[in-house]
Amino acid sequence: MAVAIVKERWTNKVLEMTIGQEPNAVKVGGDSTLPFLHFEGEMPNRPVVALEVWDMEPDNWPAILTEPFKGVLDNPVAWAKKCADYGADMICLRLNSAHPDQMDATPDEVAATVKAVAEAVSLPLIVVGCGVEEKDALILPAAGEAISGQNALLGCATINNYKTITATCMVHGHNIIATSPLDINLAKQLNILINEMNLPLSRIAMDPLVGALGYGVEYAYSIMERARTGALNGDKMLAIPMICFVGQETWKTKEAKTEDNEEWGAQARRALLWEVLTAASFAQAGGSIFILRHPESLKLFNNNIAAMMKQNS
Amino acid sequence: MELIGEHINGMFKDIREAIINKDPGPIEHWAKLQTEKGARWLDINTGPTVAKEDQPAVMEWLVKTAQAVSPLPCCLDSTNPEAIEAGLKVHRGQALINSTSADQWKMDIYFPLAVKYNAKLIGLTMNEQGVPKDAEARVALAMELVVNADMRGLPMQDLYIDPLALPANVAQDHAPEVIEAIRQIKVLADPPPKTTLGLSNVSQRCAERKLLNRTYLVMCMAAGLDSAIADVEDEMLVDAAAAVQVLLNKDIYCDAFLKTFRS
Numbered sequence: 001m002a003v004a005i006v007k008e009r010w011t012n013k014v015l016e017m018t019i020g021q022e023p024n025a026v027k028v029g030g031d032s033t034l035p036f037l038h039f040e041g042e043m044p045n046r047p048v049v050a051l052e053v054w055d056m057e058p059d060n061w062p063a064i065l066t067e068p069f070k071g072v073l074d075n076p077v078a079w080a081k082k083c084a085d086y087g088a089d090m091i092c093l094r095l096n097s098a099h100p101d102q103m104d105a106t107p108d109e110v111a112a113t114v115k116a117v118a119e120a121v122s123l124p125l126i127v128v129g130c131g132v133e134e135k136d137a138l139i140l141p142a143a144g145e146a147i148s149g150q151n152a153l154l155g156c157a158t159i160n161n162y163k164t165i166t167a168t169c170m171v172h173g174h175n176i177i178a179t180s181p182l183d184i185n186l187a188k189q190l191n192i193l194i195n196e197m198n199l200p201l202s203r204i205a206m207d208p209l210v211g212a213l214g215y216g217v218e219y220a221y222s223i224m225e226r227a228r229t230g231a232l233n234g235d236k237m238l239a240i241p242m243i244c245f246v247g248q249e250t251w252k253t254k255e256a257k258t259e260d261n262e263e264w265g266a267q268a269r270r271a272l273l274w275e276v277l278t279a280a281s282f283a284q285a286g287g288s289i290f291i292l293r294h295p296e297s298l299k300l301f302n303n304n305i306a307a308m309m310k311q312n313s
Numbered sequence: 001m002e003l004i005g006e007h008i009n010g011m012f013k014d015i016r017e018a019i020i021n022k023d024p025g026p027i028e029h030w031a032k033l034q035t036e037k038g039a040r041w042l043d044i045n046t047g048p049t050v051a052k053e054d055q056p057a058v059m060e061w062l063v064k065t066a067q068a069v070s071p072l073p074c075c076l077d078s079t080n081p082e083a084i085e086a087g088l089k090v091h092r093g094q095a096l097i098n099s100t101s102a103d104q105w106k107m108d109i110y111f112p113l114a115v116k117y118n119a120k121l122i123g124l125t126m127n128e129q130g131v132p133k134d135a136e137a138r139v140a141l142a143m144e145l146v147v148n149a150d151m152r153g154l155p156m157q158d159l160y161i162d163p164l165a166l167p168a169n170v171a172q173d174h175a176p177e178v179i180e181a182i183r184q185i186k187v188l189a190d191p192p193p194k195t196t197l198g199l200s201n202v203s204q205r206c207a208e209r210k211l212l213n214r215t216y217l218v219m220c221m222a223a224g225l226d227s228a229i230a231d232v233e234d235e236m237l238v239d240a241a242a243a244v245q246v247l248l249n250k251d252i253y254c255d256a257f258l259k260t261f262r263s
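The listed protein sequences correspond, in order, to chains A and B.
According to full-length UniProt numbering, the residues represented by the first sequence are 1 to 313, in order.
According to full-length UniProt numbering, the residues represented by the second sequence are 1 to 263, in order.
No lab work stands behind these hints, which were simulated from the structure alone.
As the structure is a prediction and not an experimental result, all values here were calculated from the model.
Worth double-checking, as some hints may not be accurate.
[To be verified] Below, simulated DSS-like cross-link-like pairs (lysine-lysine); rule was C-alpha separation at most 30 angstroms, straight line:
(1) A:Lys13 - B:Lys13
(2) A:Lys7 - B:Lys186
(3) B:Lys32 - A:Lys236
(4) B:Lys37 - A:Lys163
(5) B:Lys250 - A:Lys7
(6) B:Lys116 - B:Lys52
(7) B:Lys22 - A:Lys13
(8) A:Lys254 - A:Lys163
(9) B:Lys116 - A:Lys13
(10) A:Lys13 - B:Lys64
(11) B:Lys13 - B:Lys186
(12) A:Lys27 - A:Lys81
(13) B:Lys52 - A:Lys236
(14) B:Lys37 - A:Lys236
(15) A:Lys13 - B:Lys37
(16) A:Lys236 - B:Lys22
(17) B:Lys37 - B:Lys64
(18) A:Lys13 - B:Lys186
(19) B:Lys259 - A:Lys163
(20) B:Lys133 - B:Lys116
(21) A:Lys27 - A:Lys257
(22) A:Lys13 - B:Lys52
(23) B:Lys259 - A:Lys236
(24) A:Lys7 - B:Lys116
(25) B:Lys32 - B:Lys22
(26) B:Lys37 - B:Lys13
(27) A:Lys236 - B:Lys13
[Said to hold, decoys possible] Footprint (simulated), chain B over chain A, 3 or more residues, beta carbon under 8 angstroms:
(28) 184-191
(29) 232-243
We treat Cβ as the ideally placed atom computed from N, Cα and C, and that holds for glycine.
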């Protein structure tokens, strides 16, 4: 007897977002079902991966992470080119130098870096501030202006600084990352507030502030899954792609930072698996854009995605 | 909660006159207004004064006029299958047919019609013997509707069962029976059929109509009501529906929940 496949009937789909410019533009979202259920609905775009580039040399990265970028860590342009060589879909430029506890770089200084990187690589750009809300509200407008019209993805906008960042995206033709601290209600409200400033929902990516494996991965997974089922059930304000900063979370865990030892085995294998497993979990929860750090993780994660994207209908 | 805006109905004086004068103004006004107020469907009813042979043409005109100014689908409300089909032919999107009773000869007309036009269908838990007096008898007729949907290939989620609310001043004992019927209809099948109600009926010729409507809507939603034909111009009714959606964990909370319910 034939088995009838039970299919969920969703009423809504996730909006599709385009980042960057043709011919190198990247499309994400567009899902009309939960991730990888190709037999049930559409998943027109695979999850994409950006590698992280900093505008200053990181001082706390373990050796296994700095090794692949030897010689370019003090040069964002060369670093970005290296990421392109490693096969990243996008570059995620992090403006850490603007952090008041670091170099407290000015908006003009970071804007020059953003412009130089954009000119050197053709991949779509994600530009992320230093994480201090007030400072990001100053530097992201300058960064957005420097690459006006390039359809980049700027962030991270929070409830406290979204207005200036949204205005920049409107004026200079970019997309925005809306960040909220693992709280679906605040995430929805922030999307509404940004959308009310007339930035179309199709230009907002949600950042749920995920944790790494062993550091709240289940909680983030649940939040993302809830957002996605809500979206597919008709909640327009949540029907947008989700972005996961997996690299930044992974590489601060002790599992990734602890060197080779008898009990835990080789650091390189352990750390890479930590990054890839965290990303693979969130891909299952509905993540569309992944920010990783290690080029080998990028490769392994892409293998996983390629297998998951095979038709199963 | 899918609210069906009730106003484009020849029972209302302004609509009746608009139909007589072929004046699209009031139809457009109510189509737009009810869309803004949070309706998910526009009920379209020619009303009792239009002659039977004129009903198909009037239905067609009402659907076209309403959909020209509103993106919403329509709930085609008539006892005349020809009028329903005339509406279906010009309808954009997935229509909701209102309605069939649980009489087999009627179900033999309406279920195939719904399937043919990929429409949804409201089924009333009544037959030629009238409206049942208790929940059990309502549910028995609901089962007939469920069986017919299954037999005819109408997806269960496209069947909207209406257990028929009656005016509280003349049929008070029915009010709790309807609530119980809703509860039981939701476990008749998996996936379950949808449920709907002509809400304003419960307060026909009563005092404090809006209060009765709002209160009854909340009570029925808690029992599993998915949809209602209602007065969406009543802001507090729509607010209450939005609040229940949050409290039943159906809509994800956000501070702007009253607004998002309407968007």
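**Study point:** Violated constraints from the hint list, given by number and in increasing order
**Key:** 1, 7, 8, 11, 13, 16, 20, 21, 22, 27
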